[in-house]
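Numbering of the sequence shown is given in the working numbering, commencing with residue 25 and proceeding in unit increments.
Honestly, the hints are just simulated from the structure, not real lab data.
This structure is a prediction, so every number in the text was calculated from the model and none was measured.
List of simulated lysine to aspartate or glutamate pairs, EDC-like, C-alpha gap at most 16 Å:
no.	residue 1	residue 2
1	Lys274	Asp1209
2	Lys1111	Glu1147
3	Lys1159	Glu1147
4	Lys898	Glu885
5	Lys1217	Asp264
6	Lys1155	Glu1127
7	Lys1257	Asp1238
8	Lys1257	Asp1235
9	Lys483	Asp511
10	Lys1126	Asp159
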Amino acid sequence: MKTKSIQEPKSSNKHKSKNRDKESGIAIVTVLSVLMMMTLLVFGFFSAATEELKSSTYYGSSLKTRQLTDVVTNMVIAQVRKATGEQTSEGQRFTWVSQPGCITTFSNRGSDYDTLSVAKFKLYSSETMEENADDNMVDDIQEDWDKKPHHYVDLNAPLYSERENELYFPILDPRARRSTNDTNKDNVEGFNYTQTTSTGTQVPGVVLPGSDPLSQRVPMPVQWLYILEDGTMGHLDKSDTFVPGSGIGKASISNPIVARIAFWTDDECNKVNVNTASEGVHWDIPRYDSKQEREMAVKQPVQRETSRFPGHPSMVSLSSVLYPHEDVSQDKAKLRNIYDLVPKIEYKNSSASGSSSTKGVTWDTDRLYATYDELLYKHERNRGLDERQESNTFRNSQISRRKLEQSRFFLTANSIGPETTLFGTPKMTMWPTYTNTGRNTYFDNLINFISTIGTKNRKYYWQRNSSGSRHNEIYGNANGANLQLLDNYLINLIAPSNQIPGYGGSLGRKYGSGPYQDGKQILTMMWDYIRTTNLNDPYNNDQYTARGNASGHGQVAGCCLCGGTSPHQIRWDKPYLKFPRGFGRLPTLTEVSLVFKATGQRSEDGSAQGNSQGLPPGGVNVEVGLLLETFCPSHGFTKMVPKTSLQVVGGRFGNQNKEPASISINGVNIGKLVPNNKALCETSMSLKGFRGWGAHGGPRQHGTTQPVYWTPSGGNAGGGVPAGGGGLLRVKIEGGVDRQPASEPDMRVVLYDERNSQDVNNLIQVFELDFPNEFTIPMPRYDNRDSWKQTVSKARNNPQNLISPGTVVRSLVVSHSDFRLLGAKRVIENHVFQPHPKFNTNDRQAHSLVDPDGYKYTGFENEREFIVGADYTKTIEPDFPISPENPNFFVDVRGNPRTDYKFSVDPMITGDWDNGIAMQMDGPYVNRGDDGNRPSGNRNPYFDEKALTAADVTSQAFFSPNRVICGPGMYGSMSSGVQADIPWRTLLFRPDPEHFGAADQPNQGDPPDHLWMDLFWMPVVEPYAISMPAATRGKINLNTQIVPFDYIKRNTAMHALMKAERVVAIPTNAGGKYKEQNGGSDSWRSKIDAYETMKQWEDKFKENELFRSPTEICEMYLVPEGETLGTRSGKDYPKMRKFWESHRLTGDNTKERPYANMQPRLTTKSNVFKVHMIVQTLRKARSTDADKVDPEKDKPVGTWRGSALIERFIDPSDKKIPDYFNDPNMTNQSLEKFYNYRVLHIKQFAL
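All chains, full assembly: derive it from the sequences and hints.
Dropping the structure here:
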């Protein structure tokens, strides 16, 4: 049987084919989908990885970039440390000064600036970071810097905010100067910029004021420094090739260029500190009599009103930045705005702007600003409150955020200057405290803390315990700490072998540092000045001197370096042992007068008057009295109630009991001067016209109606004096005096610092006096006084009764009239007192006796005006009996005219005398600090006579240590020629290159006097501890030149410093009115023209010189408004010298006061620096040479712009700090090596 295959129908086969095609398509789609998904996954993975790589790369780059800021910061710290650290080189000593962009070092070996300067350390990025001192770093600015972006970068390039339509500059906003007119109110004071450096280089990119403010530019280009991967740093040469400067690496493929940095360091002390400054309101003690002077006397600064304390950091005026070219001290609204802006200072109860407050000001509660940005934050916070509060802190203040932003280059919250000497050692504090710490006040304890440094807590301040102790405070007090400070420390600093870093020479070589030379004498007077400060502390019930009107109030015995109590008893009257002595605060003798008084007479016709019994016709009964005129050079508040006594003796040295010579007239022995009452001064101070301020004490006795020394009427002969020929009497001083050797004196006056005392332990001075052995006088006339005792009694309340026209007076006067020289001596030898110029004339009176209130006794006469052409009124004419042209004016120990001194000793030429306070006479004072309490009642405390005789009122509302003493500039009236017997020469703290105290006088290389100030300081303790051990906040650097950008002028801080100061200039011909009530002119007290004054800075910088010490401010003229500086000639400015020659009635203390006020706030060294920087990490292209940079291909991958604030500081408890007390050799070690460093703040510049 046949079978057939079974076949599918055709339609069925077609269907199967279609299904197979469909399945194949699905597979392709599936595969493609999977492939797509895998591709997407791969792309996603790679994309994520790429982003992660980019992110990690960016993070790594930013981390490396951020690390570069530490490189820059540490590089600057290392540079500062190297420049300021203690350097030694074969006994050389070094000092340094800072300025924006640079630190310069100086040695002590050399005779002028060029030979003393050593090196310059740049604080900005440069291929050479150190230069010779004579190199001019302005040459680092290249004319084509803008065409070499891989070589130079502008650190001051701004950022633009589109949202605010505003530019922000990282360092300096040029819009701080909107006008080409310096004094335009839109210009920050003292700020300017030009298109040309001092060497004539054109600076590309500078856009000056006058155009659109948004277009103003001030580029600050510095050089890029490149860094290799191994850390080697270098720069690019002209061929763009890397040149290593540090490290040993070379650029290669394996060690590529990876980064570059650029920086410039600002000196924060060239800015105004918002934590210490406010708005200064000028105040000073009155120097003459005018409406303004009387207003200042009434409106004294009250406690905590630090913006009116002379010399206080709060006297620096913020208006120089915030209200330029305006006097806001008299604008209450603007003054309040500034006071509200700054911390601590409070406007309420202030005596500024017209009030006369008698209450202390309370501090506000604001804390200090940590950074300047916090001030901006406070402004924004207050502005927000303003919208809701009626009380409007900044209402109409014009202190906008933009103003504050543009002020960054001029303001800071962090500026500190060191308080160390040029030797790098601690300074001595000018405030006295007590050995018994229980007597110290809060202020005392704070000052003590600030003045203590070192592991042994060495106290660099005077410790006192008894105002009557001349020896114990030196030799016994506090285990001799005071003596150690003097002998082991200060004396060593001025030793001739210890040349001053930065100046060469030594103060000891100039003045001598031996036991009987003026170097040690000056230091002794400075020590003594400190211990006589603060004699009326209202916070202390246990006063240094007696209280109130008690005997001894305000009196201090001058310290004496004779060896102590026991040596004093042996050495007290030996004139050849010229041990240094301080002035203290007590009377000394200035004139000794023999007064011949007719107590009765009988005329030729037999008529008689007075006590005439037994007199022959023409005879006269004569009593001889002794008048002793006193003077205290320590003039000023607090009042002094002296308790002193005296003894008149004769004989050899050491003989305290031998009687003086006897006096005979026309052969009749009148007798010896016998003591009726030894007391010169007692408790009662009821003399009419007496003022307890020191100065003139007059010849009348205080507290007694008895004469001091006198001869009984008729003498030992019991009869009268017969008439002489021609009406003249022959006076002879003879007998009772041991004249072997012949140079011994006729009499000696011994002064004691206790009443009715002849105890040698209370002996303070011995005066040797030689009257001519024989002389003639006119016959005295009877004046209705029957005895000398009666005359003295009647004169108590009326000085006119003391010397009548018929009284004969013959005086010995101080030849040169500089009474300071007497006040600082133990023994005053007989050549010092010379006969009055009229002594040998037929005039009845030959004297210059003057009372405290200026009353001149009958017959008073000066041989010459103190200041020729002054035309003084009689009551204010200074006591100046002998003319400088008289051979007796300046004599040696033998009484012969001196020819060994080449400088002038005429006070009119030297200017070394002081204006008396208010209406007091001018004279030889020592510029005592002003305790300044108001007396009881509503009397004017400086002018009213009753106010001057009232008891001091102890009011805490008027007391502050920083008001009493501003700083060492107060030493300017110290005599510098006590031991050398040079009158009218004081320490020079003002410009006068021809003065003995100037630099290079009297010999080339001798240091200037103002360097004495470098040894001392006054810590600032209000409104808070602005000072700290070895440093003070808010200091302003004298070196304003900006390196290398000297086309930018920033003198703003100096303007702020000078703004509240005044220059007093009293015309020479004003002697007839300047001490009369409202007779003076307010225009004599002028503002300082800071622009004219600062021209001297430009002259100095042009010579490539810097200020080496803040005391050099004393060499700069302060130009009054309305005057011009003129052109420099040699070391002087003749126009300014001529100005002062026409204002000779201006005393030394008055001329130097603005310098004394400014010096404590100045520095030439900074402890705080702000580093402005740009750092970039680079990616080196493979296609470029490894050691070259191609700006088109080698691109930055990370950039950071901003700043870092660094501070150098010292730990006062560091155990390694030398003990300068016990080892004089330790002064060869500086504190500089004990400084540490810290970074205070880092800030990025970004919108």
